[in-house]
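Student: Residue-level listing of the chains:
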Amino acid sequence: MSRLYEIQKSMRSKRRAALQRGVIAILDIGTTKITCMVMQFDPVVQMRASEGLGAVANHGSFRVIGVAKTQSRGVRLGEITNMEEAERAIRTAVQGAQKMANTRVDHVLVCFSGARPRSYGLTGRTEVATGTVMDQDIGNVLAACDTPPIGEGREVIHAMPVNFALDQNPSLGDPRGQIGHLLSVDMHLLTVDQAQLQNLILAVRHCDLELAGVVSSAYVSAVSALVEDEQELGAACIDIGGGSTSISIFLKKHLIYADSIRIGGDHVTNDLSVGLRVPKSTAERLKTIHGGLVATSMDDRDLIDLNTNTGDWDHDRRQITRSEVIGIMRPRLEEILEEAYNKLMAARFDTLPSQRIVLTGGGSQIPGMEGLASRILGQQVRLGRPLRIHGLPQAATGPDFSSAVGLALYAAHPQDECWDFELPQMRIGEKPVRRAMQWLRENW
Amino acid sequence: MRPIDRKEPSLGDLPNSVSEGDAVAPEHEARPAQFEPTSSEEFRRAEIATPADLEALKSSVLAKIQARKEETPNIQPLGEVASEKIEALFGQSAKTPTKLGPAPSKMRYKFERLWLTPIFRSMARTALPLILIMGAGIWALSQDDMRESFTQKLVEARDSLEQRPEFQIELMKIIGVDAPTATEIRNTLNITFPVSSFELELGTLREKLEAMDSVASVDLNLVESKLLEVSITKRRPVLLWRKGRELEMLDQNGVRAGVITSRLDRKDLPLIAGLGAEDAIPEALKLFKAAGPLQNRLRGLRRMGERRWDMILDRGQIIQLPETQPIAALHRVIALQATQKILDKDVRAVDMRVSRRPILRMSEVSAEMIRTLNTQN
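Protein chains in written order, with the numbering used here: chain D, 146 to 589; chain U, 2 to 378.
Don't take each hint at face value.
[As the list claims (entries may be wrong)] Within a straight-line C-alpha distance of at most 35 Å, the following computed DSBU-like cross-link-like pairs (lysine-lysine) qualify:
1) U:107 to D:244
2) U:111 to D:178
3) U:235 to U:209
4) U:59 to U:70
5) D:154 to U:107
6) U:111 to U:209
7) U:244 to U:107
8) D:425 to U:107
9) U:107 to D:178
10) D:244 to U:111
11) U:287 to U:244
12) U:268 to U:244
13) U:290 to U:244
14) U:154 to U:227
15) U:268 to U:174
16) D:488 to D:398
17) U:174 to D:425
18) D:154 to U:287
Don't read these hints as lab results, they were simulated from the structure.
It should be emphasised that the depicted structure is a prediction, and the values quoted were computed from it without experimental measurement.
Assemble the whole structure, with the sequences as input and the hints as a guide.
Tutor: Spelled out as structure tokens, the structure:
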């Protein structure tokens, strides 16, 4: 925990350094595409935001000055499988974004959807030392959380205090400055596979970039796709991506649950490719142009040419109806949504006060998605697009960019995590020289 | 059956010619002229051959083509095509490119990042060329012979520019003066034509000319780039000033406008004399104008003690004018003359220095006579 704490803390300080320099990049490593955005920060607005003007004031503090996306290579199910290929893809995206921004970026925030995220709810309680809750008490109560056995080869990427309770008051966002006796905290812990995380970190390092944070894409796509009251009252975000589908639940503007299903749009393409005996590129084209989920009688008459190139005339000149395409796509998407529903139910989503579900990600663009989703997930379903952020080109405003946009928002205004507070053992066991050295390392 | 003319081979003949050494099957001749290598003996062999065999086969085929080419020169273009085809057929095993996605190479990526670094870019764009140019300049100037040749080149370039016909001035035209003065001006300026306009300093020329007595002001113009036009405004002499033995002509401002030797040369100009006369030219001119009926008797004005005028008439008569308001005093004298004819009498001087009280000075003889008359009465 202590090593992780230091790593995360150093990434936080790198993020701050990048914001001071005014330029930071975000990298959304997906299975189908890798997106890189370069953002420019106005340091004045940023400073005001840190004084507590809140998320809305913060929203205008940056603008996107460079966006590039490239077809993802060497990534499957949101995890890096071929290191070299993935590096090449990251290089392509970063270079494109740098070129558009006409500036160099050194710090990058990364989000990814794979690596089997797992959520834990933690509670901790402690006595308030002085009678008034100070920063130090927060650190104490966070340190007092009993860490669950997260398993071998797992790593924590998010540890967010979600809710504080002080004596009889059960829900406090920020208890600092309040008078009380017994402080308790609910913390949300998100773990991922360590090896995958390390691969990712290594791939970014190989591209000469400094990592300023690693975020789960389930979290950030919800940040951009859920509107504020949904985040406050409770909502789930299902991001149907290429290789995996991420699920996250928000309550009181905090992530309380995140998970991912290892099925996504690529599997739909694969089904089409296998079912229609066409190459993957043709299947992808069929899916995006003729894809659908609800067949009508019109679709039986809608003939689509399968222009394959095998040399066999009869095979190449086949025609299929759109209903056949729908017939292949629908079961797979039903599977995805049912899987998501099961995950949500397992997370006791039905006990939340509001049960809105927002679908986003590239997969949510399939025509008829809303109808299918409301049949499986219930009536409170809508399709979500990411928030509009300043300077974002039109091409990057679709739902398939919701995790990239969310990561941009997160880069500007991250939520407090466990490592933003001084934990007690750090205060006691610190060695001044080592701290100074670390400070030097981080800042030069 | 079509007879085959060996001298005019077509593309379809090539496989035949290749397998010339073997027995030529008769159906080859009947086949349409088309390149079908798969039916050929060698090409069938090629399918199972090792790379070394293929190489040998390829060279033998090329050699045969070469031989054919030599014996029939007009085969050449087709032969080229055929050899390319063989290249394409036999070169198949060369390489299948490994399929990688498009990406910048590591070096390129690093360089691009470096190039996007502002300080590096500004250094490479401004500082580096600046340093290079300065270094080259300093190195060149530190070489003595190079510096010399450089200055020489500079001088030569300047000279050649100055000597261009566009800048040559061939003539001088003097406007506004008569011939002798023009000659005098030419002598003063002393320019030998043609001359480059770079060598003429108009300011100096103007100073030289304006130093001349007879010149009031000068305009120097380069007309049509060939002609130096000197337009001169002459000084207009209004007075003669006797200065010892010589006579100076003065203009309105009391500046010398020339010298004459004899009063008879300029009888039209009134004459003044005395020290400091040149400072009171306007007053003198007014007095001359005011002289009116005395004009034909007037000889001139004499400055007395650098403060007042004496008007000299003929017969040695003098009108002594006051320092202030001399014209009023003169008018008074003229009035006296008109009423009492005082100047017709034997008066030596009319003293108007105190203008309220004119005093007449008689000649000695007349004064004696008057005294005798008075004593007799």
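Student: Of the numbered hints stated previously, which ones are contradicted by the structure, given in increasing order?
Tutor: 6, 7, 17, 18
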